[in-house]
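Residue numbers (numbering that gives the first Met the number 0), protein chains in the order written: chain A, 0 to 267; chain B, 0 to 569; chain C, 0 to 311.
Be careful, since some hints might not be right.
[What the hints assert, rightly or not] A few chain C residues that don't get close to chain A, going by computed Cβ distances all over 12 angstroms:
| no. | residue |
| --- | --- |
| 1 | Ile12 |
| 2 | Val74 |
| 3 | Val75 |
| 4 | Tyr80 |
| 5 | Gly85 |
| 6 | Leu100 |
| 7 | Val101 |
| 8 | Gln159 |
| 9 | Pro216 |
| 10 | Ala266 |
| 11 | Val267 |
| 12 | Ala282 |
[Stated by the list, open to error] Using C-beta positions, here's what the derived DEER-type ranges look like:
| no. | chain 1 | residue 1 | chain 2 | residue 2 | range |
| --- | --- | --- | --- | --- | --- |
| 13 | A | Leu130 | B | Lys151 | 58 to 66 angstroms |
| 14 | C | Leu304 | B | Arg120 | 22 to 30 angstroms |
| 15 | C | Arg226 | A | Ala51 | 54 to 62 angstroms |
| 16 | A | Val87 | B | Arg305 | 42 to 50 angstroms |
| 17 | C | Leu123 | A | Asn233 | 53 to 61 angstroms |
| 18 | B | Ser74 | C | Arg226 | 36 to 44 angstroms |
| 19 | C | Leu304 | B | Gly404 | 44 to 52 angstroms |
Just so you know, these hints were derived from the structure itself, not from any lab. Here the structure is a predicted model, which means the values were calculated and not measured. No residue lacks a Cβ here, since even glycine has one placed at the ideal position from N, Cα and C.
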Amino acid sequence: MRRRLRGIRPGLVVAWTVIAVVIAWAIVPWLFTGQDPLAGVPAEKLQAPSGAHLFGTDAIGRDLFTRVVHGAVHSLSGAFVAVTVGLVGGTLLGVLAGSLGGAVDAVVMRLVDVLLAIPGLLLALSIIILLGFGTVNAAIAVGVGSVAAFARLSRSEVVRVRQADYVEAAFGSGARLHAVLFRHVLPNSLTAVVGLAALQFGTAILAISTLGFLGYGAPPPTPEWGLLIAEGRNYVATSWWLTVLPGLVVVAVVLSANRISHALGRTR
Amino acid sequence: MTATAPLLSIEHLDVGYRTRDGVRPVVHDVSLDVQPGEVVALVGESGSGKTTTSSAVLGLLPEGGRALGGAIRLSGTDIAGWSDRRLESVRGARIGYIPQDPVSSLNPVRPIGVQLAETFRIHGRGDRRSIRGRVLELLERVGLDDPALRAKQYPHELSGGMRQRVLIANAVALSPELVIADEPTSALDVTVQRRILDLIDELRREHGTAVLLVTHDLGVAAERAERIVVMQHGRIVEQGATEAVLDAPGESYTRRLLADAPGLAEHAFRHPRPPLFLRDPGVAAAENPFVLEASGLVKEFSLGRRRPAFRAVDDVSFQVLRGTTHAIVGESGSGKTTTARIIARFAAPDAGAVSLGGADATALAGSAKREFRRRVQLVYQNPFASLDPRQTVAEIISEPLRNFGVGDRATRAATARRLIDRVALPADVAGRRPAELSGGQRQRVAIARALAPEPELVILDEAVSALDVTVQARILELLEQLQDELGLSYLFISHDLAVVARISHSVSVMRRGRIVEQGATEQVFRAPQHAYTRELLDAVPRRAAVAAVATPAPSAPAVPPAVPTGKALA
Amino acid sequence: MPYLARRTGQALIVLAIAFTATFVLLQALPGDAILIKFESPELGLSPEQIADIRASYGADVPAWQQFLHTISGFVVGDFGYSVQYGTPVHELIGTALPETLVLAGLGFVVAVVLAVALAFLSTLAPFGWLRQGLRALPGVFVSVPVFWLGIVLIQVFSFQLRLVPVIGADPVQGLILPVLTLAVPISAPLAQILARSIDEVQLSPFVAVVRAKGASPARVLWRDVARNATLPAITIAGVLIGELIGGAVVTETVFGRAGIGRLTEQAVANQDVAVLQAIVVLAALVFVVVNLAVDLVYPVLDPRLKRKAVAA
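Okay, chain A solo, but in the shape it has when bound (with noise of 0.2 angstroms):
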C-alpha cells in the first residue's frame, strides 16, 4: 500500500507521457518535424546532433530525429499488432482451458508447453521463414511468442476466479454457467491480463526491433529504429549518435510500457 502511493505518482506520469507523445508521433509526425525522414541533404552527413539537427544526421544527411519520430508508427503499430496476436489468441485459449476444464484443458496446456518450449527469438523466426520479411509478418510473429504468456496467465487467473467463494455464491443464488463465467469470472480475471498486455506492449517493441535489426522487419529506407540502429552500426567509431539515440528512445518507451503495466497490474 505504502510502496504504492509512494511509486505511482511521479514515475507513472513521466511514463504515460512518453507513451503519450510517440503515439504523438506515429500519429501527426508532421507536428514534430518539418524535414523528410527518407530523403537526405549529402552535404549535411554525418552531422553531431545540434539545434538544427537534434539527433544529428546519418551517412546520407538524413535528420535522425525526423527518421525517429517518423519510425514510430512502425515501431508502435507493430507492437500494437503482436499484443492483439497474443492477447486474442492466448487469453481465447487460456480461458477456453480455464472455464471448460478436462481434455480441452489438456490439449491446450501441452500446446502452450510447445510453445514455451521452443525460445520466443527462434519460434519468430521460425514465423518469419514460413510469411516472409516485414513489419507486419514480424508483428504477426512476435504476437505468436507470446501467446503462450497470455494463454497461461488467464487460464490460471480463470480458474484462480473459479475457486473463489463468490462464483460458488453465485451458483448458489441460482446463476447458470454463462452467467457466472461472463458476470464473475471473465471481468474478475481479465484484470491481470490487461497489465501482462502492458508489459507485452514493452517486450513486443523490443523484440519487433530485435528483428528489424536483423533484418527481417521492414526493408531500408523504412525508419523503423531497429533498423536504424543496424545502420548506424557501420559508423560506431566515428557518429556515436547514430545508434545511441534511437536505442534510447526505445529504452525510454519499453520502460515506460512496464512502468505503466506494472500499475495497472497492482490497482484492480
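We have chain A already, so just place chains B and C on it with the hints.
Structure of chains B and C alone, referenced to chain A:
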C-alpha cells in the same frame, strides 16, 4: 499496584508509521507495567494497536514503524531508543516471543532442531554438543514425543499444535524474564488452545517468567491473566486486576466488550425463543415440523490409489426444526463444513438422504437444483472472498433475483434497497463496492443476498468467525432478529462453542466426521453425555474464578428454562 | 519411480509436438529452400537437374514419408543436409556449438552473479536511495535491446575507453563484451524474481520469530531468507535458457562471432529450413531437459515437496 520494581514498564509510548503524507500515529500514550512473574493480557479488537505495542517492546515494528516518544523500561533501563544491534542481545535472551500462526512461523526449509539450536548459537550459549542436549530437553519439556526424531523433522511434518510447542520451546530456551505471546492460540482448535495455554502457564510458573499475553479473546485473558489492559484505537481504555476489570468495568467500551464476548460467564448462554406455533403441540403436529432432515450422510475423499478413502462425513443424521437454529459444532477436520456443503448441494453425498420440507432433495440436478437453491442459501465465513469485488452492493444483493428472473430491474432495485435496510446498513452503501465496506458490513451484505430469494433455510458456515467480537455480536443479534421476524431456519456451522450456545436451539457435536452427541443446546451444554463434548466445553476459556467455583458443567446462570425444542432430536 | 516416468513422458510428448509443429511449419509448406537456391535463372539448371537435386535432399517424396524419414533421423542425431552449405546439419551444429556453449555458459554464470548481487545489495545496501536505485536497475535492464547494448558497449569500451581492442583481441578479451551483452538482460528477470521473493520472505512470520531470537538482519538474510527466496528463482531457469539462446543469436550477430546464433541467423536469411528446424528442436530439448532437472531437484531443496513428489 505492587511495591516491587516492574520488570517491564511502558511509559507514555507513542508509535507511528511513516507514510507518504508524514507520520501516521497508531499508538498513543500507552503506559503499562508487567511485574516479574506476572501475566498481563493486552486485549483489543483488530486495529486496536495491541500488536504494535508488543512489537515495539521487541523493537521489531514493521518497516516504517517507530517509537515516537515515551519509554520502554526493562528492569529500569530504557530500551526504546536502543539500536537494533543493542536490542539483539535482549531479544531471545531476556524477552522471548511466541507468534500467532504456528504454521508460517517456522522456517520451512530447516529442521526443527537446527532452528531451536540457533537460539543458543546466536547468544553464544554452549558448544555444539551441549546445545544438542538442551534442544532435546526442551522438545521433551514442551511435550513432544521422541525429541530426537522431532529435531530432525521439518516444520511441515508437524501438526499446528506441535509447531506451537516448538515455538514455545524456542521462546523459553534461554529462560527469559519476559515472554511476549502474540495471539498464541488464535489459529488453533479450542482443545489444542487449552493445552498450549496450560503449557505456557506451567513453564512460566517453573521459571518465574512474566508473560505479556496479546489477545483479542477476552475469555482467554479472563482465564489466564492477572491483569488486563484493554486497548481501542491505539489507546489504553482501561487497565487493572482481572477481577476488577471484569466485575466492575469502568469504561463503556470495556462493558460492551464484556457483553459481546460470547465466552464470558456474565453473558452465559442466551436462548432465543422459538416461534409461537411450535409451542402449540396441536399446530406443530399438523404440519411437518422439520425444514430439513439429513439422514445417514456419508462423504468420502480419495487419497490416491492403494490407500483407503478418507471419510470426511460418516453417517451423519440431524434435523432442523422450522423457525429454529440448528448448530453443527466441531474442530477443524470434523467434517462440519463438508456436511454444510452437502446440504447446500455443492457436494454430493456418497450415501444418505437430504430432504427439504419433507421432499427428497438428495439427487437434484439442473432446474430442480436451481429451484432448491432458491429455498436454501449459504453465507460464507469470509466476507472478503464471498462478494465479487467488481459488483456494487445493490448488484450483489439483487443477483439472486436476476438469476431467478424475479421482477424487472426497478423492482429488483427496490428489493435490494429494502434488504439493505433490513440488515441495518445505511442506504448509501447500495452504490458502493465491497472494498469500501468493513468486514461486518460485508457480512451484512452477504446475509442480505442470502435473504433475497426468500429462502426457508439459511446455512451459515462459520459466518461470524472472522469478525471482531463486537461486530460478531451485532451480526448475531441481526440473525436472531431476522429469524424472529421472518420465521427463517438456520443451519449454523461453527467451531466456537460460546457462539453456538448463544445462537442455537439445537446442536450436533461433530468429531472426525461423526456426530458424537446431539440434542437441545441447553441440554447438551448443561449435561454433556459424551467425553468429547465435555472436553470441548472445558476447553472454552472462561473466568478462572468462575470455572473454579461453578459446578463441573459449564456454568449457565439462570435462564428461564427454555422449551425443549430439541426433544425430537435427542 | 512413477513420478519420474510421468514427467519424462510429458517431456517427450512436448518434444514430439514441437518437432511435428516445426516440421509442418518449415518443411511441408511452400517457400522451398531448394528452389530458392537452385532455380534462380543465372544458374541455368534444367528442371530435370533440379528434380535430381530435390531427390538427393529427399524432397521428392510425399510429406508423410519425409516426416518419418526426418524424425527417425532426429532420433539418431541425423538432422539432414543443409541446403545452403551442402553439409550435414549435425556437422554444422557440431562446429558451432562449442563457441556458443562457452559464450552462453559464461553469460549465464555472469547473469546469475549479477542478479544475486543486485537482489541482495538492494536489500542490504545502506541508504534508502541506494537501495531504491538498485531496485530499479533490473527494470532498466529488461528494457534495453540486446543488440543496442552490444553496440553501445563496443562504442564505450573499445572506441572511447580503448579497454578492449576491436581488432586482434585474444579469445579471452574477445569474450568480455559479448558475455556482458548476453548477461545483462538475462540477469534482469532473475534479479527481479529474487528481489521480490526476498521481500516476500522477509515479511513472513518466521523471519520475525528469528529476529525475535536476537538474530541480526544479515544473519536472517543469509541463513533463513536466502534459501527460501532462491526457490522461486530456480523455476524460471528453463525460461532463461530460452532467453540465452535468443540472446546468443543477437550477440553473435553484433560481435560477428561464429556459433549457433550466427548459424540461425544465416539459416533464416537463406531459408535453410533443415538447419533452423534442427536448432529449434535442440533448443526445445534443452528447455525440456532443464525443466525436468529443475522439477527433480526442487524437492531436494524444498523439503515440503519431498513426500509429495515421491507419493505422486
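Evaluated hints:
no., hint, in the structure
1, Ile12, "violated, 6 angstroms"
2, Val74, "holds, 18 angstroms"
3, Val75, "holds, 21 angstroms"
4, Tyr80, "holds, 17 angstroms"
5, Gly85, "holds, 19 angstroms"
6, Leu100, "holds, 15 angstroms"
7, Val101, "holds, 19 angstroms"
8, Gln159, "violated, 8 angstroms"
9, Pro216, "holds, 19 angstroms"
10, Ala266, "violated, 8 angstroms"
11, Val267, "violated, 5 angstroms"
12, Ala282, "violated, 5 angstroms"
13, A:Leu130 to B:Lys151: 58 to 66 angstroms, "holds, 60 angstroms"
14, C:Leu304 to B:Arg120: 22 to 30 angstroms, "holds, 28 angstroms"
15, C:Arg226 to A:Ala51: 54 to 62 angstroms, "holds, 59 angstroms"
16, A:Val87 to B:Arg305: 42 to 50 angstroms, "holds, 46 angstroms"
17, C:Leu123 to A:Asn233: 53 to 61 angstroms, "violated, 44 angstroms"
18, B:Ser74 to C:Arg226: 36 to 44 angstroms, "holds, 37 angstroms"
19, C:Leu304 to B:Gly404: 44 to 52 angstroms, "holds, 49 angstroms"
Checked against the numbered hints given earlier, this structure breaks hints 1, 8, 10, 11, 12, 17; the rest are met.
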